[in-house]
Amino acid sequence: MNEMHESSDHLLHDLMAVDFVLLELNLYLDTHPNDAQAVRQFNEFAERRKHLVAQYEKQFGPLMNFGHSLSPQPWAWNNGPWPWQM
Amino acid sequence: MWVYEKKLQYPVRVGKCDLRMAKFLSEQYGGADGELAAALRYLNQRYTIPEKVIGLLTDIGTEEFAHLEMIATMIYKLTKDATPQQMIEAGMGPHFAAHDHALFYENAAGVPFTAAYIQAKGDPVADLMEDIAAEEKARATYQWLIDMTDDVDIQDSLKFLREREIVHALRFREALEMIKDDRETQKIF
Ligand SMILES: [Fe+2]
Chain A
-14 MNEMHESSDH LLHDLMAVDF VLLELNLYLD THPNDAQAVR QFNEFAERRK HLVAQYEKQF
46 GPLMNFGHSL SPQPWAWNNG PWPWQM
Chain B
18 MWVYEKKLQY PVRVGKCDLR MAKFLSEQYG GADGELAAAL RYLNQRYTIP EKVIGLLTDI
78 GTEEFAHLEM IATMIYKLTK DATPQQMIEA GMGPHFAAHD HALFYENAAG VPFTAAYIQA
138 KGDPVADLME DIAAEEKARA TYQWLIDMTD DVDIQDSLKF LREREIVHAL RFREALEMIK
198 DDRETQKIF
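The listed protein sequences correspond, in order, to chains A and B.
What the first sequence shows, in the numbering used here, is residues -14 to 71, in sequence order.
What the second sequence shows, in the numbering used here, is residues 18 to 206, in sequence order.
Hints are not guaranteed to be accurate.
Claimed, not checked - With a straight-line cut-off of 20 angstroms between C-alpha atoms, the simulated PhoX-like cross-links for lysine-lysine are:
#1 B/24 - A/35
#2 B/69 - B/197
#3 B/69 - B/138
#4 A/43 - B/23
#5 B/33 - B/97
#6 B/154 - B/176
#7 B/197 - B/138
#8 B/24 - A/43
#9 B/23 - A/35
What the hints assert, rightly or not - These stretches of chain A come out as covered by chain B in the derived footprint (C-beta under 8 angstroms, 3 or more residues):
#10 -6 to 4
#11 8 to 20
#12 48 to 57
#13 62 to 69
FYI, nobody ran anything at the bench for these hints, they're computed from the structure.
As the structure is a computational prediction, the values presented were derived from the model and not from experiment.
Cβ atoms here follow ideal geometry from the backbone N, Cα and C, with glycine treated the same way.
Taking the hints into account, I'd like the entire structure generated from these sequences.
Laid out in structure tokens, this is it:
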């Protein structure tokens, strides 16, 4: 499948899913810091997230503020839809 | 420092105006066991909790803000198209008189949020016990909210939030055990 043609819903859904795994592993590791397998999984999903975010931002603009996302010209952060408008 | 992400943690789908449900959902917005109370409670306790659990309080406290945004999105979407007359009929007249369609940190009965809802005792066992209780209370509220609507989309989002409270309670229980273990080995408390 051509990734550029993935719908907003599809990409957002994938990103939410990866973020959920990362959140769950993060909280789990906060109380099980010596689980090496879980740390490996966490790092693996963190890498996967980077690729998904890059893909998402290419189509829908910056995901994060304060320099965690690059901006196209002109400044794109103000552009909706915001999460509660979707 | 916090960084915002322009997306919800989990989808919120709302296809209609339902003021009755919006009013009930306020309990998890500005109520005693709601998401604002949860976020503020954990982030505030971080400064005096043993080092081992600061990470957990930071992470769960941050996640609670994502839950607050989900609840806000539900309330916003459920109320945005309501007329003043519909607001009055749904018991939201007093809200409308003071806030129009704006959201307000209040519980389902319209009582404004207060810091008195949350505690910081400075005792790690007492604080973590409060956190566990808070999660169990939030879980119970979500169950009741699920029981109060037949909107499957709202139920779906609420079920996600209910499950998160279960995970948070579990992690806080583990954190409590970590603290107790330290207490026994160090005998400094
Ligand atoms: Fe929670």
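Hints and how they fare:
1. B/24 - A/35: holds (16 angstroms)
2. B/69 - B/197: Judged against 20 angstroms, a Cα distance of about 12 angstroms means the pair holds.
3. B/69 - B/138: holds (18 angstroms)
4. A/43 - B/23: holds (14 angstroms)
5. B/33 - B/97: holds (10 angstroms)
6. B/154 - B/176: holds (15 angstroms)
7. B/197 - B/138: holds (17 angstroms)
8. B/24 - A/43: Roughly 15 angstroms between the alpha carbons, so the hint for residue 24 of chain B and residue 43 of chain A holds.
9. B/23 - A/35: Distance of about 16 angstroms is within 20 angstroms: holds.
10. -6 to 4: holds (count 5)
11. 8 to 20: holds (count 8)
12. 48 to 57: holds (count 5)
13. 62 to 69: Held - the segment 62 to 69 of chain A has 3 residues with a Cβ nearer than 8 angstroms to chain B, which meets the minimum of three.
Violation of the numbered hints given earlier is absent; every hint is satisfied by the structure.
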